[in-house]
Structure formats: structure tokens, C-alpha cells
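**Student:** Here's the letter readout for the chains.
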Amino acid sequence: MRVNFTVNGRPQEADDVWEGESLLYVLRERLGLPGSKNACEQGECGSCTVRLDGVPVCSCLVAAGQVEGRDVVTVEGLADYAKARSCGTSCGTSLDEAKGWQARGTDSQTGEGTELAPIQQAFIDAGAVQCGFCTPGLLVAADEMLEHNPNPTDADIREALSGNLCRCTGYEKIMDAVRLAAARQGEAV
Amino acid sequence: MDFLRPASWEEALAAKAEHPTAVPIAGGTDVMVEINFDHRRPEYLLDLNRVADLTEWEVGEDTVRLGASVPYTKIMENLRAELPGLALASHTVASPQIRNRGGVGGNLGTASPAGDAHPALLAAGAEVEVESVRGTRLIPIDAFYTGVKRNALAADELIKSVHIKKADGPQQYSKVGTRNAMVIAVCAFGLALHPETRTVRTGIGSAAPTPVRAKAAEEFLNAALEEGGFWDNGKIITPSVAKQFAELCSGACNPIDDVRGTASYRRHAVGVMARRTLTWTWESYRGARRHTEGAA
Amino acid sequence: MASPSGTPTKITQGSQTKGGIGESTLRPDGTLKVTGEFAYSSDMWHEDMLWGQILRSPVAHAEILSIDTAEALATPGVYAVLTYDDLPTEVKNYGLEIQDTPVLAHGKVRHHGEPVALVAADHPETARRAAAKIRVDYRELPVITDEASATAPDAILVHEGRDDHHIGHVPHPNIVHRQPIVRGDVEAARARADVIVEGEYTFGMQDQAFLGPESGLAVPEEDGGVHLYIATQWLHSDLRQMAPVLGLPEDKVRMTLAGVGGAFGGREDLSMQIHACLLALRTGKPVKIVYNRFESFFGHVHRHPAKLYYEHGATKDGKLTHMKCRIVLDGGAYASASPAVVGNASSLSVGPYVVDDVDIEAIALYTNNPPCGAMRGFGAVQACFAYEAQMDKLAKRLGMDPVEFRRLNAMEQGTLMPTGQPVDSPAPVAELLRRVKAMPMPPERQWESSEGADVRQLPGGLSNTTHGEGVVRGVGYAVGIKNVGFSEGFDDYSTAKVRMEVVGGEPVATVHTAMAEVGQGGVTVHAQIARTELGVAQVTIHPADTQVGSAGSTSASRQTYVTGGAVKNACELVRERVLEIGRRKFGTYHPAWATAELLLEGGKVVTDGGEVLADLVDVLEGEAVEVEEEWRHRPTEPFDLRTGQGNGHVQYSFAAHRAVVEVDTELGLVKVIELACAQDVGKALNPLSVVGQIQGGTTQGLGVAVMEEIIVDPKTAKVRNPSFTDYLIPTILDTPTIPVDVLELADDHAPYGLRGIGEAPTLSSTPAVLAAIRNATGLELNRTPVRPEHLTGTA
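Chains as they are written, first to last, in this note's numbering: chain V, 2 to 190; chain C, 67 to 362; chain D, 46 to 840.
Calculated directly from the structure, the hints in this document are not laboratory data. Any given hint could turn out to be false.
[To be verified] What follows is a list of derived Cβ distance ranges for each label pair:
| id | chain 1 | residue 1 | chain 2 | residue 2 | range |
| --- | --- | --- | --- | --- | --- |
| 1 | V | 185 | C | 201 | 57 to 67 Å |
| 2 | D | 267 | C | 107 | 31 to 41 Å |
| 3 | V | 154 | D | 214 | 11 to 21 Å |
[Claimed, not checked] So the derived list for chain V, only partly shown, Cβ under 7 Å to chain D, looks like this:
| id | residue |
| --- | --- |
| 4 | 2 |
| 5 | 5 |
| 6 | 6 |
| 7 | 32 |
| 8 | 46 |
| 9 | 56 |
| 10 | 87 |
| 11 | 88 |
| 12 | 115 |
| 13 | 119 |
| 14 | 137 |
| 15 | 160 |
| 16 | 187 |
[What the hints assert, rightly or not] If you want the footprint, here are the derived chain C segments under chain D, 3+ residues with CB under 8 Å:
| id | stretch |
| --- | --- |
| 17 | 147 to 161 |
| 18 | 191 to 202 |
| 19 | 240 to 249 |
| 20 | 315 to 327 |
None of the values given here were measured: they were computed from a predicted structure. Ideal placement from N, C-alpha and C gives every residue a C-beta, glycine not left out.
I would like the entire structure built from these sequences, with the hints used as guidance.
**Tutor:** Here it is, written out as C-alpha cells:
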């Protein structure tokens with residue numbers, strides 16, 4: 002079957018999709034967006050978390066056919082999404098325009114100087130990234146939490162991220178990163 | 067595999083009538099796991115995401131009509147006052163991501179004894195509204211679960227909504243898992259006090275082939291509360307009554323040993339949860355009563 | 046063929062990051078990882094690639110009577126179906142040490158999930174459906190699942206006709222390896238004991254549960270070879286095992302490390318490497334294989350479950366007299382790393398204590414259970430769980446404080462190991478215990494706040510099982526000892542290639558090793574070492590591949606030590622060459638070129654007095670310096686097969702934990718409130734990463750204390766919970782605060798005085814949590830993980 006939907010503000014079309022394919026598979030294998038990760042494919046680890054019409058969901062549990070006509074944001078579009086949110090309309094760019102994410106090729110640099118969402122920068126700065134496989138899902142989930150709850154308690158952070166498994170860090174640096182992002186967000190306002 | 071995408075409830079019913087083997091998919095939190103792990107290859111997937119009615123709810127005089135696909139997150143956020151037991155149960159469901167997708171209709175459709183919503187529905191009292199091209203019927207929740215992962219639906223029927231009695235007293239819900247979040251129930255317990263009818267109702271999950279009520283325990287407690295005039299005098303329930311209630315709840319279990327826990331543990335834990343939830347609800351009832359009296 | 050997408054490229058770091066060693070510089074791959082652009086092995090993609098699928102045995106032990114692939118092969122979209130009969134050479138087995146593992150089952154399967162056949166097709170679903178059409182006739186055999194069934198007189202041999210180098214000294218062919226250690230006179234020492242405690246302990250089977258599933262992409266090459274992009278812990282070890290089976294010389298099997306989503310020992314053995322290459326070579330097309338989580342539980346070895354029998358004695362003033370123990374590790378169907386795990390378990394079975402008289406035996410069994418091998422802590426974890434339980438029992442019997450009792454018996458620099466080897470670097474065991482005990486305690490009864498109980502802070506968490514009822518606090522301590530690096534005479538070396546040149550008007554160092562970056566931050570440290578040694582800001586990390594010599598395994602807490610040591614060594618050689626060039630070019634301008642100690646700092650050649658002699662840009666103008674060199678740590682010796690004596694280890698690592706738990710004693714639910722750790726790291730090359738390693742290792746120890754266990758049915762040897770639904774690892778709501786106190790006592794034998802750190806915190810975390818639960822409940826608890834039924838008498 003064919004599926005049309007929007008990813009990171011950009012219309013996408015996937016063809017010859019097998020009816021049992023998940024949104025995760027379509028993103029990774031058909032649209033060249035492997036940022037969302039395939040760690041468990043049973044909704045237990047959160048590594049594949051994306052926003053579906055703004056709501057964080059496990060993309061492994063969304064059937065590809067269910068996203069017809071809907072709007073998806075993945076980790077690849079997170080920086081632009083966060084930027085659009087913080088600017089609103091005052092930056093002279095509409096939200097929809099700002100969401101017009103363009104695929105960047107992987108280059109030979111670390112990406113130093115790349116514009117990142119505050120939560121992405123905080124994950125790097127706090128040492129919250131080790132193997133990094135859980136990171137994309139955590140970033141999408143944490144970013145969404147901070148959108149609704151800019152001053153979370155530790156218990157709030159833990160509850161919001163309880164659907165995202167990490168095997169490397171013991172979560173302490175992830176807690177640090179989210180606190181850091183919240184604090185920076187607070188300062189910026 | 068065919069992917070059916072009805073745009074309305076009528077189209078969905080027609081599709082289900084035409085393809086009775088079609089597997090409905092809404093939140094996908096059960097169906098997609100089975101597909102991803104090659105446990106299931108349905109001939110047709112019937113996507114219900116485009117049927118807007120299913121994600122709506124209506125608060126009526128005595129009941130809440132809860133669309134089958136209303137996500138657990140919405141129940142937690144919007145129906146805590148009307149459906150406190152179900153709101154608590156919803157909060158124990160898996161993870162935020164899953165709660166954003168899954169709804170009660172999926173729990174009922176799968177009818178796993180471990181579904182988190184069942185004990186809360188049993189305790190509150192509910193009817194499941196199911197429909198086919200042949201018509202609509204309301205199935206009392208007590209008659210809905212017919213066996214391990216089996217329910218009272220006919221092949222051409224879909225779950226449209228659940229009519230749940232609005233709380234007329236305190237409700238509680240507890241679930242045991244071996245992790246502090248994102249865990250499938252080892253066993254679960256729901257309790258609702260119904261001061262209007264001076265009854266209590268219970269629900270037990272994951273401790274029998276189907277979700278069950280502890281009817282003997284309810285009858286015992288109803289009688290004990292009546293006899294002692296507890297509903298009127300608001301006294302603390304005596305430990306011996308609570309203990310007997312807990313034992314009868316344990317006795318209502320018919321559990322198995324599996325990788326998640328032993329049968330013996332499940333019986334034990336249901337008893338502990340029964341006692342604790344009785345204490346919590348009764349304390350809350352007494353508190354509310356005192357408050358009302360004070361106001362009067 | 047064109048390069049696949051996701052091919053790793055060089056990463057240059059430096060325009061914003063300066064730091065050398067000792068600084069918390071940030072990961073060079075951090076930005077790629079937070080933007081989703083970092084390509085893991087499962088992200089690799091190639092035009093026209095096929096998907097590989099493995100058909101696995103549904104039973105644990107059976108003869109294969111026949112395999113019929115005709116229907117599978119006839120499926121549209123299927124390009125190849127391979128069985129044992131299709132293997133191209135006489136070499137059909139592989140293995141880390143013993144080549145006992147069939148690439149595809151031949152005549153027999155020995156464990157649940159053993160690979161039997163392979164399919165390549167144009168879509169994963171096509172491959173799955175085709176695999177389901179392969180008809181295999183099994184005749185089931187009785188299963189061997191424990192020591193009794195393995196060593197029974199009439200036991201079926203898991204492997205007939207063994208000819209490995211352990212068969213000569215094992216008492217039964219179903220025992221992979223046996224290592225006794227005897228020292229002193231146990232019976233005489235036993236007579237001096239005022240108290241004797243015994244214990245029988247059970248350690249459950251733990252899974253590494255790395256999040257990135259086994260995966261890779263094999264691309265056939267024009268010269269008849271193959272290029273494999275793979276997530277592994279050791280490229281060259283994979284290569285050595287793969288090439289003979291593929292029938293290719295090693296130089297025709299190119300290996301590039303793709304992004305690795307965690308490892309923890311689970312990628313030390315091969316998984317889909319050979320399978321993907323076989324399918325690619327057969328079809329002439331790129332083949333990608335990605336396990337799902339179910340398959341991952343069958344696709345890698347696990348931590349050995351163990352039975353441990355211990356006896357300790359002590360005098361009434363609290364001095365240990367002797368220790369006897371017997372450690373039975375279940376190696377499962379294939380040897381994997383079992384012999385080395387036996388060596389560790391036996392040689393570290395005493396723990397970080399002074400005990401002169403010991404009688405130790407460790408064995409690993411062959412059974413029909415899932416194969417077990419490397420996992421973080423490697424044999425030392427199981428022993429630590431048991432000896433720390435014994436320490437608490439002894440302290441209790443003697444009426445002593447458990448920490449005081451440990452400190453009284455703590456080893457120190459100079460103490461002899463049971464193997465007779467002296468500990469020749471700092472061993473601050475007593476100090477670590479002192480520090481961890483001195484940390485402030487977390488507040489009690491936090492749930493009794495004015496706003497009412499917050500269930501998220503209570504056992505059971507969001508499941509709302511208690512509002513404080515039945516909750517009791519407990520505190521427990523533990524300390525452990527882990528060896529660093531490969532032991533027992535293994536030639537444990539690493540290779541580093543370092544190049545220095547001017548790029549864009551700036552001096553740049555390029556570091557090229559085959560080290561598997563699995564998340565630990567080796568690439569961060571390599572850049573730091575290059576900056577410190579070569580005085581540059583810009584460092585380029587070359588992707589890891591087999592175009593450079595072996596870096597050994599990313600395991601045994603060894604990479605910062607050994608590959609870090611190799612990078613340091615290569616940098617020093619590069620520096621000498623750079624200085625030679627400088628002398629040649631500019632030596633006549635300043636006498637210090639000939640007389641002073643010269644350093645490279647801030648992009649310049651300077652004297653040790655700080656005088657600038659030249660800019661590196663000028664020295665390297667028109668020149669590039671490149672050195673590739675192997676580097677070794679001090680050699681070790683094998684343990685004597687009868688006495689266990691020998692200088693088998695090169696370095697030790699120590700950590701201590703204090704666990705604070707709250708237990709719902711009625712429901713048997715545990716909430717770990719805090720897991721404080723003190724660890725000696727020798728020298729923290731990157732303090733931020735050091736703390737991250739300690740917290741991560743601590744949490745894996747917590748997992749196996751209260752929830753993680755692969756459950757194998759003892760009747761069928763089948764795995765009952767191969768999923769993240771039923772194999773539970775800690776969530777962020779299960780994980781406590783983990784304050785870390787880092788001690789830096791240099792090991793003079795090691796580069797920069799550093800100590801391997803990754804594993805030690807995984808050892809002591811588990812027994813500390815168990816001790817705290819015992820403290821809260823008063824129960825004996827001789828197994829881990831401890832589940833609610835064990836705490837409520839309903840097992």
C-alpha cells in the first residue's frame with residue numbers, strides 16, 4: 002500500500018508498504034530516517050519515540066497505514082521543532098516553515114556548531130550519552146515533558162521518562178541533563 | 067494482509083461484517099507487538115484511528131460513556147473525579163507513550179486477565195457497548211469475560227464504548243509488578259465503595275483465567291458494614307473484618323505459576339492489596355462523611 | 046559496489062573542545078548521537094540490499110533427522126536458503142577459545158534457539174515467511190540442565206569427541222574447564238576458627254540487554270571478498286573466527302565498526318557476522334540482518350548462572366582464618382568464554398580480603414541451557430555476591446559491624462592473592478569502605494510529606510501498592526575486586542596508528558585504532574591523550590576497522606588501559622619523530638633543540654622551561670608523521686592447573702557500595718533509595734565519563750539484585766521470558782540517586798597511573814542491595830535476583 006504523511010514538516014510518501022509494517026520501519030528503512038531506534042519493537046523501551054500529531058508514541062506500535070495524513074516529528078527534526086516552538090511567530094518564520102526540515106548528510110565533523118535543541122545540548126553537556134541508542138527516544142520524550150512542565154520535580158522527570166530504557170548510564174546523567182535543560186530554559190525566559 | 071481504513075463507524079461495522087476475521091487496531095499496543103514478533107498474521111487489519119467517535123467521552127447523569135479508543139492519558143487527565151478507580155488503573159498502564167495510544171477498548175478486546183483496566187471496570191460497574199451491522203447491545207461487564215483472552219463479542223461486532231457508573235464513593239486500585247514502572251501486572255486489585263447502594267464491588271486482575279470479582283468477599287463486607295452500621299456511624303472498620311475480607315479476596319483467586327510470579331504469591335498479594343485498598347477507601351469515605359457533616 | 050549509507054566517517058573534534066587528559070571533555074560523537082545522525086549497525090542501508098533471517102531451533106536438545114528447504118527456496122522474493130550442507134569449507138565451527146560452535150546446526154541442536162538455516166529475501170517479512178516454510182524434523186533428546194544431570198554416569202555428552210586443551214584435566218567431558226586453587230593449610234586454619242559459617246548461593250542468569258540489537262550489513266566485494274559493517278566488541282577476533290568458515294583469506298574480509306548500541310560482554314562472541322557474509326557471498330548482493338528483541342535473547346551469550354558453596358572461618362576478634370568454596374558455573378551448550386570465566390571466578394573468589402589458607406574449585410559445565418560467556422564483571426560478579434553475603438553472616442555471628450569486620454580483613458598493597466600473586470599497586474579497600482560509609486544518608490520516610498504520599502517514591506511506584514504501609518528501610522554494604530585486562534598469559538595487546546600533519550593551517554593528529562567504541566567513551570579519551578601528548582587542539586578519530594592492527598576486546602575494563610596505552614605510546618613515537626624533524630629544520634637556530642627536554646604544547650615545540658622553539662605548523666610544513674605500533678601491558682602467566690598458583694592478573698580494580706533500600710515487607714516489593722559508590726580509578730582521564738561508567742555499572746548490578754533473570758525451564762531447557770516484557774531491566778523509576786566518590790591512587794605500572802574501571806561497580810552493587818534487603822527483612826536470601834515471592838514466603 003501507499004502511505005502519505007508529514008515528517009518533520011515535510012510531506013513524505015512511502016510506496017509498496019507491507020500492511021504489517023510499523024511507522025518505525027517506514028521511517029528507518031523507507032524514508033532514510035534511522036534516528037528513531039529499533040531496540041525492542043514491543044513498546045517496552047521507548048527508543049523509537051516520535052511525536053504523532055504532537056503526542057509522544059512508540060513508533061514501533063503504530064501501523065504504517067495508521068499515519069496516513071498525519072504529522073510526525075522525529076529526533077532528526079527535533080532541533081527545528083524546538084526552535085520553532087521557542088520563536089513562535091516572532092522570528093519571522095512560521096512554525097510550519099521552520100518545521101521544513103531538510104535531510105543533512107553525515108559529514109566528517111562532530112557537528113560542533115550545529116544548532117541543537119536545548120535538550121540535545123544538555124544531553125551532550127551533562128554526559129547523558131554513552132552508547133546513545135536510547136538517546137533519540139529520550140530526547141523526544143524529555144523535550145515534550147519540558148514543553149508542558151518547564152519546572153519538573155525529580156519525580157516528575159522520572160515519571161515522564163519511565164517509558165524509556167537506558168542500559169548504559171544508570172539514568173543519573175540523564176536526570177542531570179533534563180534538569181540542566183529546564184534550568185537553561187528558565188534562564189532564557 | 068490487507069489494511070482496511072474505514073473513515074466512519076458505519077464503514078467500520080460494514081468492514082467487520084464483510085471480514086469477520088479482521089483484527090481491529092486502534093492504539094496498536096497489543097496488535098503491533100504480535101505482528102512485530104510474528105505471533106500473528108491477520109488476513110485484515112481494521113484501523114479504527116480514523117473513527118473520531120471512538121476517542122470521545124460523555125459524562126452523563128449516572129454514567130460516563132467512554133469511547134473505546136480514548137487514550138489512558140485522557141482518562142487520567144479528564145475523568146479522575148468521575149472514574150477515580152479507572153484513572154488510577156490508567157496511570158499504572160505501561161509508560162506515557164503507551165498511555166497516549168492505548169485505550170480501554172483494546173484491553174476489553176484482548177481480554178487478557180492482565181489488562182489493567184478490568185479490575186477497575188468490575189469494581190465500578192460497567193456495560194460494554196458493542197455494535198455490528200445487526201445492531202447494538204450492552205454487555206454487562208460481569209458477563210463480558212468468557213475465558214482466557216476470550217470475550218463475549220460476536221465475530222462481526224466491534225466495541226464502541228464502555229458505560230461506566232460514575233463514582234458515588236471512594237475507589238482505589240493497586241497493581242503489583244516487579245518493577246516500579248512499565249510493568250505487566252503480576253496481579254491487580256480494584257475496589258469501589260458505593261454508598262448510594264451501600265455496597266462494595268471488587269475486581270481482581272491476573273489472578274484467574276479471567277478478570278473476576280471477589281463476590282464472596284463483597285457479600286461478606288456488605289453484610290458486615292450493614293450489621294455494624296458502618297455506613298452511618300463512619301467508624302473504623304475493625305481489623306478482623308478487614309482481615310476476613312482480604313482472605314476472601316485471596317480465596318477468589320484461581321492463579322497460575324508463571325514467569326511473572328507464583329500462584330501462591332498472587333493469592334497473598336491480592337489479600338494485601340484488598341486490605342490496603344479497603345483501608346484507603348474507607349478512610350476516604352469517613353473523611354468525606356465528616357466533611358459533609360461539618361458542612362451541615 | 047557503492048558505499049552503503051551509514052558508513053562511518055572520520056570525526057574531527059577540536060575547534061571548540063580543547064581538553065587533554067584529566068578534563069571532562071565531551072564526546073566527539075555526541076552531536077551525531079543527539080541528532081539521530083550517528084549510524085548504528087542496524088541503521089546501515091544499501092540500494093538493493095537483501096534481508097537475512099535465521100531459522101532457530103524450537104527445542105533445546107535434539108537430533109536433526111532432515112531439513113527440507115525446497116518450499117522456502119521457491120518463495121517469490123527469496124534469493125537464498127542455506128543450511129549446514131551449504132557451508133563452503135571444511136571449517137564449520139567457530140569459538141572464542143574452543144571452536145565448538147557450529148555456524149549452522151549439523152545433525153544436532155544443543156540449545157533452544159540454535160541457528161539451523163538462513164534465508165535471504167527482498168523484504169524481512171518475505172524472509173520470515175520463507176523461514177517458516179523450512180521443514181526440520183527433530184528427534185528430541187533428554188536435556189542436561191545442571192551439575193547433577195551433566196555429570197551423571199549415564200549423562201549424554203553435550204559434545205562428543207572433545208579434543209580441546211581442557212579435556213585432559215576435567216573430571217567429566219561435560220565440564221568445560223576446572224580450576225582449583227589451594228594455598229596454605231585449610232584444615233589447620235579451620236581448627237583456629239572460633240566461628241564457621243557456610244552458605245549455598247544461587248546467581249540467576251543475567252542478560253546484557255544492550256539496547257542496539259545484533260545487526261550488520263555484509264557487502265560483497267569485486268575481488269570475491271566481503272565487507273562487513275558490524276557492531277562488535279573486537280573486530281579482529283571476529284575476523285579470525287569468520288575468515289576460515291567463509292573460505293577467504295583474512296585480507297578479503299574487510300571489517301568496519303558500525304555504531305554499537307551497548308555491549309557489556311554480549312558482543313564478544315559472533316552472532317550474525319558469518320551468516321550475513323555467507324548470504325552476501327552466495328547471492329552477490331548486500332545482506333542486512335537485524336535481530337529483533339526476541340531473537341537477541343537467543344543471539345548472544347549471557348552471564349553464567351552459578352551455584353556457589355562457601356565456608357569461611359574467623360577468630361572471635363574478627364580475623365578470617367580460612368575459606369573453602371566451590372563455584373559451579375553453567376556454561377550452557379557452547380564454551381564461549383567459559384574457561385576464562387572459571388579462571389576469574391576461582392582467582393577472585395576470596396574477594397578483597399586477606400585469607401592465607403584457601404581451598405577453591407571453580408568449574409563450568411556444558412549443558413543444554415543457553416550458552417553463557419562474557420558479561421561485565423566476568424566471573425567476579427557471581428563470587429562477589431557470595432563472599433559478601435558470607436562477610437555479613439560472619440559479622441553477624443561475631444556481633445561486629447559489617448563494615449568494621451570487612452575493614453579488619455581488607456587487603457592492601459602487598460597482600461598475596463590466593464594464587465600467590467602479590468597485589469603490587471594500591472588496594473584501598475578499607476579506605477573505600479570508610480568513604481562510602483561516611484557519605485550522608487538519604488532522608489527517611491520521604492513519603493510522609495505534607496502533600497501526602499507520593500507513590501513514585503515508594504516501593505511499587507506508580508502501581509499504587511502502598512502509601513507507607515509495611516515499608517521498612519534497610520542499609521547494606523559490599524566491596525569487590527575485579528581484574529583488569531586479559532589474564533592467564535594471554536598476549537593482551539593493542540595497536541594504534543597516529544598521524545600528525547598540517548591541515549588547513551593547523552596541526553592535526555589523527556588516531557586510528559580498531560577499538561570498538563561501544564559507548565564507553567574510548568574515542569573521547571583517545572582524543573584527550575593525543576592532545577596531551579602532541580599539543581594539538583584538533584584531533585581526528587578515524588573509524589575503527591581492520592585496516593589497522595588489533596586493539597583487542599572492548600571488555601575486561603581494558604580499553605583505556607591497553608588501547609589508551611597504545612595511543613599514548615604511538616603519540617610518544619610521533620612526538621620523537623616530530624622533534625627530529627624540528628631539529629633537522631631548526632636545530633641550528635637554538636641550542637635548546639639539542640640540550641633541553643622538549644614538549645609539544647599549544648601547537649608549539651617548547652622546552653620544559655616553557656620557552657617556545659617553533660610552531661608545529663612550521664615543523665610539519667610539507668611533512669606528515671605516521672606511526673603504527675603495538676603496545677602490551679606487563680605479561681601474565683597461566684594458573685597452575687592443580688594448585689592455581691601463578692601471576693595471572695595484571696591489575697585489579699576496587700569499588701565499594703552502600704545501598705539504602707525501602708522494602709514493602711508485606712508485598713515483597715523493593716525500592717532502592719540510594720546506591721552510593723566509592724571507587725579507586727587510579728587516574729580519571731575523563732572524570733565525567735568515569736562517573737558515568739560507575740553509575741551505569743552500579744545500575745546493572747541493581748538489576749540483577751531485584752529483577753533481571755533469564756528463566757530457563759528446567760524440564761525443557763527452553764527460555765521462558767525472551768522479551769523486554771518479561772525480562773525486566775531497571776527503569777528510571779527503579780534507579781536511585783548514585784553519589785560517587787572517586788579516589789585516584791596511581792598504579793605506577795599503568796599509563797598515567799590509570800585503572801580500568803568499567804566492571805568493578807557491577808560487582809559490589811548487587812551484594813550491597815541484597816545486604817540492605819536482608820537488613821530490612823531479616824531474611825537470609827541466598828539467591829539473586831530476589832523476587833517478591835522470596836520476600837513473602839510464597840516462592
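**Student:** It remains to establish, for every hint, whether it holds in the given structure.
**Tutor:** Hints versus structure:
1. V:185 to C:201: 57 to 67 Å: holds, 59 Å
2. D:267 to C:107: 31 to 41 Å: holds, 39 Å
3. V:154 to D:214: 11 to 21 Å: Violated: the Cβ-Cβ distance is about 59 Å, outside 11 to 21 Å.
4. 2: Cβ of residue 2 (chain V) sits 13 Å from chain D, so the hint is violated.
5. 5: violated, 21 Å
6. 6: With Cβ-Cβ at 18 Å, over 7 Å, it is violated.
7. 32: violated, 11 Å
8. 46: holds, 6 Å
9. 56: At about 19 Å, which exceeds the 7 Å cut-off, the nearest Cβ of chain D leaves the hint on residue 56 (chain V) violated.
10. 87: violated, 17 Å
11. 88: violated, 19 Å
12. 115: The hint holds - residue 115 (chain V) has a Cβ within 7 Å of chain D, the shortest such distance being about 5 Å.
13. 119: violated, 11 Å
14. 137: Residue 137 (chain V) check passes; min Cβ-Cβ to chain D is 5 Å, inside 7 Å.
15. 160: This hint holds: residue 160 (chain V) lies near chain D, its Cβ roughly 6 Å from the closest one there, short of 7 Å.
16. 187: violated, 21 Å
17. 147 to 161: Coverage by chain D holds here, the residue count being 3 at a Cβ distance below 8 Å.
18. 191 to 202: violated (count 0)
19. 240 to 249: holds (count 10)
20. 315 to 327: holds (count 3)
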